[in-house]
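A.B. asks: For the sequence shown, numbering that gives the first Met the number 0 gives the first residue as 0, with consecutive numbering after it.
Don't take every hint at face value.
Heads up, simulated BS3-like pairs for lysine-lysine below, C-alpha to C-alpha not over 30 Å straight-line [to be verified]:
1. K186 to K147
2. K147 to K53
3. K53 to K165
4. K165 to K147
5. K53 to K203
6. K147 to K18
7. K203 to K165
8. K147 to K99
9. K53 to K99
10. K53 to K131
11. K203 to K18
Cβ-Cβ distance ranges computed for the label pairs, FRET-style [said to hold, decoys possible]:
12. L50 to F71: 12 to 20 Å
13. I106 to E21: 46 to 54 Å
14. R87 to I202: 39 to 47 Å
Keep in mind that the hints were calculated from the coordinates and are not lab data.
Quick reminder that beta carbons are idealized off the backbone N, C-alpha and C, glycines included.
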Amino acid sequence: MNYSVAIAFLLHSDPVLAKVIEEVGPCQLVESQPEGNLFFCLSRSILHQQLSTKAAGTIHSRFLQLYPNSEFPTALDILNTPDEDLRRVGISRPKISYLKDLARHVIEDLPTIEELDVMDDESIITTLTRVKGVGRWTVQMLLIFRLKRLDVLPVDDLGIRAGIRKVYGLETLPDRQTTENFGQRWKPYCSIASWYLWRSLEIKPQPIVTI
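Let the hints inform the model, and build the full structure from the sequences given.
C.D. replies: Laid out in structure tokens, this is it:
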């Protein structure tokens with residue numbers, strides 16, 4: 000996907016964010032987008048909730064080892080897996096409940112990725128948050144990274160808020176309303192702005208040179 004139009008818009012609409020864009024370089028959002036069906040994407044998000052990247056990766060790897068005959072388990076595979084088997088690979092009981100509720104919904108009534116593609120963002124959020132353990136933030140990550148929606152601003156994401164605080168020199172983390180207000184200057188490319196805010200946290204401050 001070519002983000003040149005979005006980048007040009009953000010460079011013009013927000014001179015402060017423009018400095019981050021120039022330092023980070025081309026947007027590589029498309030390179031980090033996971034593939035897979037809806038069950039794969041949401042189950043992965045559930046497994047990663049409230050865990051460090053390293054810990055989540057370890058559990059996810061052990062989880063996949065329960066199903067050696069497939070690249071990724073199906074919803075029916077999960078429903079047929081005893082809870083204790085899932086506990087043994089490090090998945091908490093609440094997350095087991097979430098995974099199985101997701102599996103039931105996928106089998107019974109959730110749309111496919113292809114069907115989600117023709118729905119608007121809020122309809123997707125309303126549809127998917129009926130699943131236990133799937134909140135607004137989780138669906139917004141799906142919208143950005145899997146469905147490639149360009150105008151999503153996850154205002155409850157601590158990384159986004161920390162990025163705004165750093166980039167705009169705020170004394171404290173912005174609240175939800177303040178974050179939404181910042182987002183007005185990035186529309187209709189809030190997803191691209193979000194990616195740069197996340198990347199801004201990786202930029203090391205320049206050392207002060209004394210003469």
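A.B. asks: All hints are to be evaluated individually against the structure, with a verdict given for each.
C.D. replies: Hint check results:
| no. | hint | verdict |
| --- | --- | --- |
| 1 | K186 to K147 | 15 Å, holds |
| 2 | K147 to K53 | 26 Å, holds |
| 3 | K53 to K165 | 25 Å, holds |
| 4 | K165 to K147 | 26 Å, holds |
| 5 | K53 to K203 | 22 Å, holds |
| 6 | K147 to K18 | 24 Å, holds |
| 7 | K203 to K165 | 11 Å, holds |
| 8 | K147 to K99 | 27 Å, holds |
| 9 | K53 to K99 | 24 Å, holds |
| 10 | K53 to K131 | 24 Å, holds |
| 11 | K203 to K18 | 14 Å, holds |
| 12 | L50 to F71: 12 to 20 Å | 19 Å, holds |
| 13 | I106 to E21: 46 to 54 Å | 48 Å, holds |
| 14 | R87 to I202: 39 to 47 Å | 41 Å, holds |
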